[in-house]
Amino acid sequence: MHRTKVKVAQDVLDANDTIARANRADFDAAGVRVVNLMSAPGAGKTTLLERVLADGVVRDEAVRVGVLEGDVQGSLDAERLSALHVPVTQLNTAPGFGGECHLDANMVRAALPELALDEIELLVIENVGNLVCPAEFRVGEDARAMIASVTEGEDKPLKYPLMFRACELVVINKIDLLPHLELSLEDLLANLDRVNPHARHLLVSARTGEGVDAFADWLAEVARREAVPA
Amino acid sequence: MHELALARGILDAALAHADGRRVRRVEVTVGALRQVVGDSLAFHFEILARGTPCEGAQLAQRPQPARLRCACGEEWELTEPSFRCGRCGGARVSVIAGEELRVEAIEVEEEPCTARR
Chain F
5 MHRTKVKVAQ
15 DVLDANDTIA
25 RANRADFDAA
35 GVRVVNLMSA
45 PGAGKTTLLE
55 RVLADGVVRD
65 EAVRVGVLEG
75 DVQGSLDAER
85 LSALHVPVTQ
95 LNTAPGFGGE
105 CHLDANMVRA
115 ALPELALDEI
125 ELLVIENVGN
135 LVCPAEFRVG
145 EDARAMIASV
155 TEGEDKPLKY
165 PLMFRACELV
175 VINKIDLLPH
185 LELSLEDLLA
195 NLDRVNPHAR
205 HLLVSARTGE
215 GVDAFADWLA
225 EVARREAVPA
Chain S
131 MHELALARGI
141 LDAALAHADG
151 RRVRRVEVTV
161 GALRQVVGDS
171 LAFHFEILAR
181 GTPCEGAQLA
191 QRPQPARLRC
201 ACGEEWELTE
211 PSFRCGRCGG
221 ARVSVIAGEE
231 LRVEAIEVEE
241 EPCTARR
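Read top to bottom, the protein sequences are chains F and S. 5 is the number of the first residue of the first sequence in the numbering used here; add one for each residue after it. 131 is the number of the first residue of the second sequence in the numbering used here; add one for each residue after it.
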């Protein structure tokens, strides 16, 4: 029995990217811009969204926002957000192979029929808390943002460059805690600049509300963007 | 951590090209910027491949170092995560290698195997 070599030359993420483009086309057709929001667990994704949604993303301009809440299990975050009377859809990854640690394009595709796309201009996809896997999988978003909380330490951009490079915006959260930490904000920003010199950053405390307006403005800016083919 | 999902992508690509033939070897290029743990990728691939024509196939991983090029003309291999130019300090730096995650080729036996796809 002889062996034959067969050329494949295929990107491993091709299948995911194809579905992501289909999602994007559907979002575009509905006139909805999409933000993929990522971070480590506990960085404050839900708290920041609560703040922004409670205040109204932009006060002088009505941007209607929906949230797709990705979690391995449970609906605690979705319950927190639905109290704010915005359309929230829960997406659990647990029924998959042991519970995926990220959302992929296919999971978002499966959730599309449940999303009230005709009622919103902006969809925020709150990804599963994880600094590695979500960076690999496009889901059909227009923009990617991440939250890095100051309690995580200044070295994280150097340890997770894939994630920090994938995002155009880095929200530095929990800055109200800075007086209690040994963290050097200067070093954190320098490390971010080394890994992704093009990323914008915002200093925010979702707890006190400091800087939340700037994040709201960024969301509103994304909502106003022209659709660019994926 | 993401190796499980990546292993599934590799397996799918290999099976699609195997056409039912027994696969003995799968060659992949893994860019340094993809933060893939090789042992973990091999481990997940081996488990996922069980019961498919890829069962027992060797996963040959060719690491691709990261190379960057600055608009100023400087070109270098990335050894630590710094994406600014070491010569001019600029940020107009493009990645010319190191982001690959590609199934290059598979080696198959020409006799069809009976395992399910």
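Treat the hints loosely; a few may be bogus.
Within a straight-line C-alpha distance of at most 20 Å, the following computed SDA-like cross-link-like pairs (lysine to any residue) qualify [said to hold, decoys possible]:
(1) F:9 to S:235
(2) F:160 to F:96
(3) F:11 to S:208
(4) F:9 to S:134
(5) F:163 to F:189
(6) F:9 to S:241
(7) F:11 to S:211
(8) F:163 to S:241
(9) F:160 to S:212
(10) F:9 to S:173
(11) F:163 to S:146
(12) F:160 to S:208
(13) F:163 to S:149
(14) F:11 to S:167
(15) F:11 to S:241
(16) F:9 to S:228
(17) F:163 to S:170
(18) F:163 to S:139
(19) F:163 to S:145
(20) F:11 to S:197
(21) F:163 to S:197
(22) F:160 to S:149
(23) F:160 to S:211
(24) F:160 to F:116
(25) F:160 to S:209
(26) F:9 to S:162
(27) F:11 to S:165
(28) F:160 to F:125
(29) F:9 to S:151
(30) F:163 to F:113
(31) F:163 to S:205
(32) F:9 to S:145
(33) F:9 to S:197
(34) F:9 to S:150
(35) F:163 to S:235
(36) F:9 to S:211
Keep in mind the hints are simulated off the structure, nothing from the lab.
Status of the hints after comparison with the structure:
1. F:9 to S:235: holds, 7 Å
2. F:160 to F:96: Given that 20 Å is the threshold and the Cα spacing comes to 27 Å, the pair is violated.
3. F:11 to S:208: violated, 29 Å
4. F:9 to S:134: The given pair, whose Cα atoms are some 25 Å apart, is violated under the 20 Å limit.
5. F:163 to F:189: holds, 16 Å
6. F:9 to S:241: holds, 14 Å
7. F:11 to S:211: violated, 33 Å
8. F:163 to S:241: Between residue 163 of chain F and residue 241 of chain S the Cα gap is close to 46 Å, so the pair fails against 20 Å, i.e. violated.
9. F:160 to S:212: holds, 13 Å
10. F:9 to S:173: This hinted pair is violated, its Cα atoms lying about 23 Å apart.
11. F:163 to S:146: violated, 35 Å
12. F:160 to S:208: Status holds; Cα separation ~18 Å.
13. F:163 to S:149: violated, 40 Å
14. F:11 to S:167: At roughly 24 Å apart (the allowed maximum being 20 Å), residue 167 of chain S and residue 11 of chain F break the hint.
15. F:11 to S:241: holds, 18 Å
16. F:9 to S:228: With Cα atoms ~25 Å apart, residue 9 of chain F and residue 228 of chain S exceed 20 Å; violated.
17. F:163 to S:170: holds, 18 Å
18. F:163 to S:139: violated, 25 Å
19. F:163 to S:145: violated, 34 Å
20. F:11 to S:197: Judged against 20 Å, a Cα distance of about 25 Å means the pair is violated.
21. F:163 to S:197: It holds: about 18 Å lies between the C-alpha atoms, which stays within 20 Å.
22. F:160 to S:149: Answer violated: residue 160 of chain F to residue 149 of chain S is near 43 Å, above 20 Å.
23. F:160 to S:211: At roughly 11 Å apart (the allowed maximum being 20 Å), residue 211 of chain S and residue 160 of chain F satisfy the hint.
24. F:160 to F:116: violated, 33 Å
25. F:160 to S:209: Judged against 20 Å, a Cα distance of about 17 Å means the pair holds.
26. F:9 to S:162: The given pair, whose Cα atoms are some 25 Å apart, is violated under the 20 Å limit.
27. F:11 to S:165: Distance ~25 Å between residue 11 of chain F and residue 165 of chain S Cα, so the pair is violated.
28. F:160 to F:125: Not OK: residue 160 of chain F and residue 125 of chain F at ~33 Å, beyond 20 Å, violated.
29. F:9 to S:151: The given pair, whose Cα atoms are some 12 Å apart, holds under the 20 Å limit.
30. F:163 to F:113: violated, 31 Å
31. F:163 to S:205: violated, 23 Å
32. F:9 to S:145: holds, 14 Å
33. F:9 to S:197: violated, 29 Å
34. F:9 to S:150: With a Cα-Cα distance of about 14 Å, the restraint between residue 9 of chain F and residue 150 of chain S holds, given a limit of 20 Å.
35. F:163 to S:235: Status violated; Cα separation ~31 Å.
36. F:9 to S:211: violated, 36 Å
The earlier numbered hints that this structure contradicts are 2, 3, 4, 7, 8, 10, 11, 13, 14, 16, 18, 19, 20, 22, 24, 26, 27, 28, 30, 31, 33, 35 and 36.
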